[in-house]
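Order-wise, the sequence lines are chains A and B.
For the first sequence, the working numbering assigns the number 1 to the initial residue and increments by one for each residue that follows.
For the second sequence, the working numbering assigns the number 1001 to the initial residue and increments by one for each residue that follows.
By construction, these hints were calculated from the structure, which means they are not laboratory data.
A few of these clues could be false.
Computed beta-carbon distance windows for the label pairs [claimed, not checked]:
1. B:SER1083 x A:ARG77: 35 to 41 Å
2. B:GLY1061 x A:PRO61: 25 to 31 Å
3. B:GLU1016 x A:ASN28: 39 to 45 Å
4. A:MET41 x B:ALA1017: 33 to 39 Å
5. B:PHE1018 x A:MET41: 39 to 45 Å
From chain A, some residues computed to sit far from chain B (all C-beta separations above 12 Å) [said to hold, decoys possible]:
6. VAL4
7. GLN11
8. SER31
9. TYR35
10. GLN37
11. ASN65
12. LEU69
13. GLU73
14. THR86
15. GLY95
16. VAL111
Here a beta-carbon is modelled for each residue, glycine too, at the ideal position from N, C-alpha and C.
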Amino acid sequence: NAGVTQTPKFQVLKTGQSMTLQCAQDMNHNSMYWYRQDPGMGLRLIYYSASEGTTDKGEVPNGYNVSRLNKREFSLRLESAAPSQTSVYFCASSGGRTDTQYFGPGTRLTVL
Amino acid sequence: GNSVTQMEGPVTLSEEAFLTINCTYTATGYPSLFWYVQYPGEGLQLLLKATKADDKGSNKGFEATYRKETTSFHLEKGSVQVSDSAVYFCALTLNPSGSARQLTFGSGTQLTVLP
């Protein structure tokens, strides 16, 4: 049982490059989330998907797009990376009657 | 808006010392409260939670009580171990939007336990 998986684990980009962060969950959860973690600021919600086919903005959506490809997969795209997007990105999922979110191991992104 | 304020770190303790990490919140409504833990190089894991006033969450020797009158959810452990060294996050969620539960996190508290 893998839980929530994320790829890649590390990535270095140059300003203006694009990339997609992948996330998949095998817990049959309806809801999925993307967060970024910056020093001293905790985790901030970028986008979330309440169910397959829906996505909504979180606290810090600018510069990002998302796709809920199917129930298992939720990707985050940076179209034109900026140094301010240097961060650790976490995907999470939740489902059923519980409030609990389950997190992936994270992707450490550096934009030069 | 909703917010979570945590005790600033880092916190350094000797093994077997008593731990308290303070957490207070501001929310419009009746949130569920959580403590998540992040071990070095890993994602966040749920440590404990409480869903209504006066509930006590507990796990692995850690405890926290949901205090509505003081809007607090302080984390405590009677005797810490070196393996408890991690970053601890307090968080809340309110009534879901659809089926999604959006978490609001505190800034995290780094705990280091020395042998």
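So, going through the hints one by one against the coordinates:
1. At roughly 38 Å, the beta carbons of B:SER1083 and A:ARG77 sit within the given window of 35 to 41 Å.
2. The hint said 25 to 31 Å for the Cβ distance between B:GLY1061 and A:PRO61, and at roughly 39 Å that hint is violated.
3. Between B:GLU1016 and A:ASN28, the C-beta spacing of about 42 Å keeps the proposed range 39 to 45 Å intact.
4. For the hinted restraint 33 to 39 Å between A:MET41 and B:ALA1017, the CB-CB distance of approximately 28 Å leaves it violated.
5. Between B:PHE1018 and A:MET41 the CB atoms are about 28 Å apart, so this pair departs from the stated range of 39 to 45 Å.
6. Not every C-beta of chain B lies more than 12 Å from that of A:VAL4, the closest at about 7 Å, which undercuts listing it as non-interface.
7. Listed as outside the interface, A:GLN11 is consistent with that label: its C-beta sits roughly 16 Å from the nearest C-beta of chain B, beyond the 12 Å cut-off.
8. At roughly 4 Å from the closest C-beta of chain B, the C-beta of A:SER31 falls inside 12 Å, breaking its exclusion from the interface.
9. Residue-level check failed: A:TYR35 sits 8 Å from the nearest beta carbon of chain B, not beyond 12 Å.
10. For A:GLN37, the shortest C-beta to C-beta distance to chain B comes to about 8 Å, within the 12 Å cut-off, and the non-interface label is violated.
11. Look at A:ASN65: its CB is around 18 Å from the nearest CB on chain B, clear of 12 Å, so calling it non-interface holds up.
12. At roughly 17 Å from the closest C-beta of chain B, the C-beta of A:LEU69 stays outside 12 Å, upholding its exclusion from the interface.
13. The Cβ of A:GLU73 lies farther than 12 Å from every Cβ of chain B, with a closest approach of about 16 Å, so its non-interface assignment holds.
14. Non-interface call for A:THR86 relative to chain B: holds, since the shortest CB-CB distance, roughly 18 Å, exceeds 12 Å.
15. Distance to chain B contradicts A:GLY95 as a non-interface residue, since its nearest Cβ pair spans about 8 Å, not more than 12 Å.
16. In this structure A:VAL111 is separated from chain B by more than 12 Å, as the shortest Cβ-Cβ distance comes to about 21 Å.
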